[in-house]
Structure formats: structure tokens, C-alpha cells
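**Student:** Sequence:
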Amino acid sequence: MELLFELRDHEDALHDEFKYKFNNQATLDELQEKIASKWKIRSDDQKLFIKDGQKLCAFGEDILQSLGVDHRCLVIAKHSLLSTWSAILDRESAFQQTHDQGLKKSIHEDAKRLIEDLAQARFFSTYPSLGTRRFAIEKKFLTFFDRKVEQIKNSCRIHFKKLYGEHAKITFESREDGSRAGCVCILDDGSTISRFYVKTHHGAGDRSSNSRYDIDLKELFVYTFLYKLKMGAEIHFINSEIFSRCIIYIASSEITGFNTLEFLEMNHPQALKEYTKFVNQVLLVYSVLMLGDHHTANIGFDCGFNPFIVDFFIIGKPMTSVKDLHEGVRMAKILNTMLGTFDERLKISIDYLKDSQFSVVFESAINSFLQNQKPVFDSVRFVFDKPQKTDDLEEYFANVRKNISLFVDFQPMKNKV
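Numbering that gives the first Met the number 0 puts the first residue of the sequence shown at 0, with every later residue one more than the last.
No lab work stands behind these hints: they were computed from the structure.
Keep in mind that a hint or two might mislead.
[To be verified] Distance condition first, Cα-Cα at most 27 Å in a straight line; then the derived BS3-like pairs of lysine-lysine:
| hint | residue 1 | residue 2 |
| --- | --- | --- |
| 1 | K322 | K373 |
| 2 | K111 | K39 |
| 3 | K33 | K46 |
| 4 | K373 | K346 |
| 5 | K229 | K39 |
| 6 | K276 | K401 |
| 7 | K18 | K46 |
| 8 | K346 | K322 |
| 9 | K111 | K227 |
| 10 | K353 | K401 |
| 11 | K39 | K50 |
| 12 | K272 | K353 |
| 13 | K373 | K161 |
| 14 | K229 | K276 |
Source: prediction; values computed, not measured.
Given these sequences and hints, build the entire structure.
**Tutor:** Below is the structure:
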């Protein structure tokens with residue numbers, strides 16, 4: 000008997016066809032072997048259909064004619080990983096539609112993994128024309144990120160040469176960490192060599208803005224405050240103009256002797272106990288400032304045991320009581336057991352607020368941010384006084400003050416006599 004074979008895709012489009020003669024006792028195994036040799040689809044990855052879209056699913060030794068496959072029957076073959084290809088197309092569409100830089104990078108990484116899965120299954124040998132589309136998609140991703148990083152590099156060159164003069168030598172290295180576009184900027188001013196970790200801001204924006212390049216003043220303020228609190232790196236805000244819109248990049252100076260908590264957990268787990276007091280202080284700051292992303296790669300220490308927060312995003316949800324302290328650090332179960340009782344953690348928190356002069360530093364940071372950054376933003380035509388932005392920022396300040404007062408005014412319950 001002679002059969003007609005068609006190779007179709009997720010949209011039922013025809014990619015190839017051929018005819019082949021089998022004897023009347025041919026089995027499903029023989030049919031699948033022929034498809035595998037012709038279209039490079041392993042038997043396990045074949046989806047087969049016959050009359051009226053009926054799926055051909057049986058044991059390999061079953062006779063074809065007993066399955067309804069007879070002379071001049073049409074057999075349609077599809078690769079089982081076509082659903083993965085559809086998922087890649089969905090990622091491409093989502094990548095084009097979103098303006099969130101972190102989400103773009105996540106979509107890109109996910110699409111890369113899916114494409115690798117298809118490549119290992121020889122999917123593009125089966126569908127060469129889809130391989131052409133694959134390279135177009137990959138080029139779209141790479142073009143975006145290459146362009147983004149190049150924009151950051153050019154902005155860094157302009158910014159640091161203004162500060163240190165045209166003689167300053169500026170080079171770059173790639174960044175493999177984090178979810179945002181960025182690079183490492185190396186500055187040699189002739190006397191010292193400095194390294195800066197440069198990234199985009201999260202761009203969460205004010206409450207009602209849908210601007211593609213919207214700037215979240217709360218995030219920028221927190222970076223300046225953390226530095227004044229001695230829990231953050233020195234920061235440069237580097238501006239760039241694209242399509243007449245102001246974009247801000249965040250350049251954090253390298254912290255001498257810095258290791259993330261993730262590194263310490265993996266390489267020196269026996270020493271974690273020494274850091275628990277400082278981890279509690281960091282978690283307090285995350286809570287009071289209403290920050291998220293408190294995992295071990297975003298928290299670290301210099302060689303003097305001083306704690307640092309190197310990344311975060313703004314949650315903005317006010318605390319309701321001191322019991323709202325974070326329960327622990329994500330990805331560090333061993334550390335959570337060392338953080339102490341609630342009373343112990345509360346005492347560490349209250350002592351830290353007092354010893355660090357948290358409220359005084361906070362108010363000083365507000366004044367400095369408004370007085371020093373406002374002219375800079377004005378000069379690059381960023382409308383700092385936009386009502387929703389300043390209202391949003393002032394509301395954030397007020398909520399942080401309330402969070403601080405929860406600890407400052409806390410009165411422990413006295414034991415009843």
C-alpha cells in the first residue's frame with residue numbers, strides 16, 4: 000500500500016510531503032522509522048494524525064491496516080515540541096509589548112532556554128523555515144540588549160569625563176548578575192582606579208504613569224539614603240536622553256572586600272552565626288523602607304562586617320505593627336533558624352534605629368535629595384515637580400516616618416501581677 004505523508008506545523012501549515020510504499024503487514028514502528036529518517040523526528044516526538052484529524056496512537060507492533068491506515072491514506076506528522084515553539088512566539092510578543100526592563104530580560108532568558116531545548120531536539124532540522132524565524136527572534140533580542148548596554152556605556156563616558164576630565168580612561172566589563180541591563184564601568188583618573196556597577200532603575204514610576212521611561216523617585220531616594228546610612232554604596236545618577244526623554248542609570252561604586260550573603264552561605268556556612276545580628280538590621284531596613292527583593296544575593300558585607308543592601312525594589316506597603324518584621328531572607332533556610340526569637344530581633348531593631356540615628360539621617364537625606372537632585376533633574380528636563388511624582392514621594396516619606404515611630408514608640412507588654 001502507498002501512503003502520502005505531510006509535515007505540518009502549529010498553524011497546520013504544510014512544510015513538506017512525500018509518498019512511500021509499505022507492505023500490507025507494515026507496523027506502526029516501521030511507519031515511525033520512515034518519518035524519523037525523512038524529517039529527523041524521533042519516534043517519541045512524533046504526533047501522527049489520519050482521517051478527519053484522528054490521532055494515530057497505538058503500540059509499535061500494531062499492524063497499520065488494523066489502525067485504519069490503508070492504501071492512499073494521508074498521514075499528517077507534527078513535532079511534539081511545536082507547543083514549545085508557540086511559547087517562544089508568545090515570549091517574542093510579550094517582549095515587544097512590555098516596557099519593563101527587568102521583565103524584558105527575564106523573557107529573553109526564558110526564550111533562550113526554550114530555543115536551546117528545540118535545538119537539542121533537532122527541531123529546526125525538521126522545520127528549517129522556522130529556524131530562519133528563530134534567528135530573526137534572537138537577533139531582535141540581541142539588538143535590543145546590545146543597544147541598551149551601548150547607551151549605558153556612552154552615558155557613563157560623558158558623565159565621568161565631565162567629573163574627572165577628558166584625560167580619564169574609561170573601560171567596561173560585562174555584568175552577569177542581576178535582572179536589569181547594565182555593565183561594569185572602570186574609571187582610571189590617573190591616580191586611582193575605581194569600579195562602578197551600572198544598571199537601569201526599576202522604573203516603577205509614580206502611581207498613575209504609563210511612561211516608558213518613567214523615573215521612580217522613591218527608588219532613587221532610597222539609594223542616596225542607604226549611602227548616608229552607611230548601608231549602601233556611593234551612588235552616581237547618570238542621565239541620558241533618548242527620544243527626548245530622560246533616563247537615569249544607577250552607578251554604584253565597588254564596596255571594598257564585599258561578599259554577598261549568598262556567597263557566605265555557600266562557602267562559609269559555619270560562619271553565618273557571626274552575621275545574624277547584622278542580617279536582622281538589614282531586614283529591619285527593608286521593612287521600614289518598604290522594600291522587596293530581600294534575598295541573599297542582594298545583601299552582603301564588607302571585610303569589616305558592615306552590612307550593605309545592593310539591590311531592592313519598592314513595595315510601598317506601610318507596616319501595621321512591629322510584628323511585620325520580615326520573617327527571614329529568601330533562599331537561606333539555614334540562616335532563618337539563626338535569626339533569634341521575635342523579642343531578640345525586636346531589641347536589635349530598636350537598638351539599631353537609635354545607634355544609627357536613623358530618623359536624623361533619614362530627614363537629612365530627604366533635604367539633601369530635594370535640594371541637590373532637583374536642579375540636576377531640572378537641567379535634563381525631567382519634570383521633578385510633576386504633582387503625582389512629588390505627592391507620591393511625600394506620601395512615601397510620611398509612611399516611612401510612621402514605620403519608624405512603630406519601633407520608637409513601642410512599649411512592651413508588662414507581666415500582670
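**Student:** Against the structure, test the hints numbered earlier, and report the numbers of the ones violated in rising order.
**Tutor:** Of the numbered hints given earlier, those the structure breaks are 1, 4, 5 and 9, listed in rising order.
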